[in-house]
Amino acid sequence: MNPLENSAAPYLEVQNLVKTFGDDRAVDNISFGVPQGGFVTLLGPSGCGKTTTLMCIAGLHKLDAGEIRVGGTLYTSAARHVFLPPEQRDIGMVFQSYAIWPHMTVAENVAYPLEMRKVGRAEIDERVNQVLRLVGLGDMADKLATQLSGGQQQRAALARAIVSRPRLLLFDEPLSNLDLKLREQMRIELKRIQQEVGITSVYVTHDQSEALVMSDEIIVMSKGRIEQRGGPRDIYARPVNRYVSNFIGVANMLDGVVVRVTAPGRGEFEVTHGNARVLLPCRLGEGLGEGSSAVLSVRPEDVRATREDGGNPGFAGEVLQTIFLGNCLDCRVLWGTFEWKVLAHPRTWLRRGERVFLRLDPERSLAMKP
Amino acid sequence: MKIKAVPEKAAGSQPTRWAGLVTQENLITSFVGLMVAAAVFLPLLALIVGSFRVLDVLGFGSEWGLDNYREMARVSIIRAAFLNTFVISTGATILATLVGVSLAWLNARTNCPWRENLELLNLIPYFLSPFVGAIAWHNLASPQVGLLNNLARWLFGTTGHILDVDNIWGVIWVTAIFHAPLVYLFVVGSLRRMDPSLEDSARTTGAGLLRTTLTVTLPLVAPAILSGMIITFVTSSGEFGVPFKLGAPYGYPTFTTQIFTYAVGDDANYQMGAAMSMTLGIITALLVWVQRRIILPREYTTVTGKGFRPNIIDLGSWKWAALGYNLGYLFIAVLLPLGALFLVSLHKVWQGYLIPSQMTFANYERILFFWRPESIQPATNGIGNSFILAFSGATIAMILAIAMSYMIHRTKGFGSTMLDFLCVIPIGFPGIVLAMGVLIVYIQTPIYGTLWILLLAYITRFFPYGQRNTSSILLAISEELDQSSRMSGASWLTTLRRITIPLLKPGIFAGWVLLFIVFLRELPISIILYTAGTETLSVGIYYLQEFENESLTSTLGVIQSLALLICVYIFRRLAGREALTA
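Quick note, the sequences are listed as chains A and B, same order.
With this note's numbering, you'll find the first sequence wraps up at 1371, consecutive numbering, no jumps.
With this note's numbering, you'll find the second sequence wraps up at 591, consecutive numbering, no jumps.
Treat each hint with caution, since some may be false.
Facing chain B, a subset of chain A residues (Cβ under 8 Å, in silico) [to be verified]:
(1) A1059
(2) L1061
(3) P1086
(4) P1087
(5) I1092
(6) G1093
(7) H1104
(8) V1120
(9) A1123
(10) S1165
(11) R1305
(12) L1321
(13) F1325
(14) C1329
(15) R1333
Here are some chain B residues the structure puts well away from chain A; computed CB gaps all over 10 Å [stated by the list, open to error]:
(16) G74
(17) F95
(18) W163
(19) S500
Please keep in mind that the hints were generated in silico from the structure rather than gathered at the bench.
It should be emphasised that the depicted structure is a prediction, and the values quoted were computed from it without experimental measurement.
Glycine is no exception: its CB is placed at the ideal position from the N, C-alpha and C atoms.
Can you make the complete structure from the sequences, with help from the hints?
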């Protein structure tokens, strides 16, 4: 296959996928593509349809409408009545419960996909050893699955998923059963191994920081639909709506009106909260013009709180609460009736009841459709 | 990187809408589903239809009508049978509940000595044959030849008798002691699984031990007790062996013994039998439905997977009284009857008292050495046939059970709900009712008069016992274990063989042995469906007590009980207590 052609068309193609359970449209007409070797994360709360989408790609669910292609091969199509059974899809999958078979040793678990592909015994042994070393279980081969810790089972499941060098790797919230420290460590490691083997991957999680750390591209889902897709930085900096902004990280959200467009994509935003009223220069999201009501989203780390008047006397508030978190100071500042979340430098010394001035960076204040 | 090519035809060809449905999984599961549905529904359908066909006076033809049901209300013996069945089931349920709940509480919640061993022993009566138990108690406490009555005459010089089990009270007594373990099973699990903090928090509010037990513990296990009571009532009303031995011959017929007289003999009237079976079946099925749909969902102490260590109450020196009580039950339910059977079996002719000089194993020789001319064929046939039936029946039933539980728990939609329902129906109908239906369906076919008809009826009636064993494990193991095998490239059948079945192994073994035990002692189905040559163990015992003497009957009873005890021991090594709850 011509590598140029390859890069032009996405390797995994999901088109107009619909999956219903009774009256519930779990996945409601979504489409996306993943380039070869790419790492895409489906992110959303439980019930948003991300796992159902994954199951449809795996062939463990039948879809009601749409098509799925991998590397140009049609895997499933509702309209054309094509359904490739899961075992013929050449996909590796890591499950939430790891699904390591308790009646087999680690090596037997990992060798299983190769046995199914009728690989010779000698080659199986060699590849199993190789992949176990890769995931850091080199000396665990003969342990029973039940003797492994959670993190080790996780590694074994990964080894089993990649040992046959499948076309596609699917991850269904693989880290959610691990404790926080281990989870943070495994994120990095999972990403390293995926990059090493270079298999196109789809990763499902509800954990936004996991998605930010690991993905080339994030697809934020809600109620069976795609809300936004883009690179991690892009999604963090330019959420398209209140839902995405809330889901990825924390944001101050203020309702108001765009009063003036100063330049393409730039404007002024008027916010009223109780007696407080302020005009803020900001970036404008798509589809906003003069007079449109909108939501202003500002990340807590993009708000500066100082004792000195920053030249905008109307924008002053009272410190309600400060929480020292080690690497930063989490403050709540009351302005009118609105409570600002502000992340300040840990060495900032703000006291409760103190009067402070808030300053925003117009480049990091984003007005978007409500 | 080498990537295994997926066949391009998937993309090229244009299969029809239905082609996608023809998979290994769908073919095999729908085949099994249809077979089981046919096996379960045909006999019931035959009963419904048959009960509305009225036999004409000459007994040659029949026509549609409600006369069977009118006849039931008119004939006084059927009215008596109905009343007797109700009295016996109620009495046995009350007695069995008192015994079962108290034993369960002593075992689960007190420091009664020797508890670990009593646990297994308390379940033994549940596995023995109540029919043999009735024979044993007849030997112990019939007015004339009862061992205990003779002992009393000899020791105290009493005249007449002090005990008499040849009446409705005897039926209640024997039914109750053999069904007490059923209530015990339901309650002991519930008591053990209870979160101790529920009681602890009651104690911290100032409630005393007695008050906590009455206001917290007992209400929490009430659904389990009620479940046990309903199932005991259903089982007692379907019980055939005990009333057949102790009730019917002494003027206390029950529904089951009446169905039996309509099913066999020269005056057989299948249509009347069907009408009576329907009546009994509808009542029992309704009760099982109530237990499953209304009481089971209200169980507060369902399995959470959490290992609770229940509060143990220190009985002080009363613990020895508790031990005595428990041993007393075991003495009455196991040791005394089996001992009496054994003593009787050693005499060539039983006259009601021991004659040490005449004790011999001759009876065992006549029953076990089937090649000898003096052997009793129906009895020796019975031993062989029962082992064949138990072995093949348990094997086939477990295969069905695996398929059924797989379909119920691993496929979604309408089909799995239907199948779940299919697995409950046989539990709702007493063996003799189902046998009556099987008889009507298959009497004209070549399988009548062979072991096949028995095998079919056994499996249809009892496969849910096996299904429960496999289902409970299937519920506990994640579906992802199967799915990851499919994703590894294994087909459905390979996944079943390499992953699902190996994981189910403990449940499969436990279910198999349980079914083996049930089939080895089965009476009500066998007695309706057997013909000369296809006798079973229990039918052999029936034959001996009808046409031979008490000693030979007891001998075969001892042999059956020993075989059952060995199986119980094996079962216990394989399975936990939970696997038993019917």
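Now the hints, each set against the structure:
1. With a least beta-carbon distance of about 6 Å to chain B, the hint placing A/A1059 at the interface is held under the 8 Å criterion.
2. Interface restraint check: A/L1061 against chain B, minimum CB-CB distance 5 Å, threshold 8 Å, status holds.
3. For the restraint placing A/P1086 at the interface with chain B, the shortest Cβ-Cβ distance is roughly 7 Å, inside the 8 Å limit, so the hint holds.
4. Against a cut-off of 8 Å between C-beta atoms, the interface hint on A/P1087 holds, since the closest Cβ of chain B lies about 4 Å away.
5. Here the hint on A/I1092 is kept, as its CB sits about 6 Å from the closest CB of chain B, short of 8 Å.
6. Hint on A/G1093 holds. Least Cβ distance to chain B is approximately 7 Å, under the 8 Å limit.
7. Because the beta carbon of A/H1104 sits about 5 Å from the nearest beta carbon in chain B, less than 8 Å, this interface hint is met.
8. With a cut of 8 Å, the hint placing A/V1120 at the interface with chain B is violated, because the nearest CB-to-CB distance is about 10 Å.
9. The criterion of a C-beta within 8 Å of any C-beta in chain B is not met by A/A1123, whose closest approach is roughly 17 Å, and the hint is violated.
10. The beta carbon of A/S1165 comes within 7 Å of a beta carbon in chain B, closer than 8 Å, and the hint placing it at the interface holds.
11. Against a cut-off of 8 Å between C-beta atoms, the interface hint on A/R1305 is violated, since the closest Cβ of chain B lies about 48 Å away.
12. For A/L1321, the interface hint is violated, since its Cβ never comes within 8 Å of a Cβ in chain B; the closest pair sits about 38 Å apart.
13. At a threshold of 8 Å, the smallest CB-CB gap from A/F1325 to chain B is about 36 Å, leaving the interface hint violated.
14. Residue-level restraint check for A/C1329 is violated (minimum Cβ-Cβ distance to chain B is 39 Å; threshold 8 Å).
15. A distance limit of 8 Å between C-beta atoms decides the matter here; for A/R1333 the minimum to chain B is near 38 Å, and the interface restraint is violated.
16. Against chain A, the non-interface label of B/G74 holds: every CB pair exceeds 10 Å, the least being about 46 Å.
17. The non-interface label for B/F95 is consistent with chain A: the shortest C-beta to C-beta separation is roughly 44 Å, beyond 10 Å.
18. Listed as a non-interface residue, B/W163 keeps its Cβ farther than 10 Å from every Cβ of chain A; the least gap is roughly 62 Å.
19. Distance check for B/S500 against chain A: the nearest CB is about 5 Å away, which does not clear 10 Å, and the non-interface claim fails.
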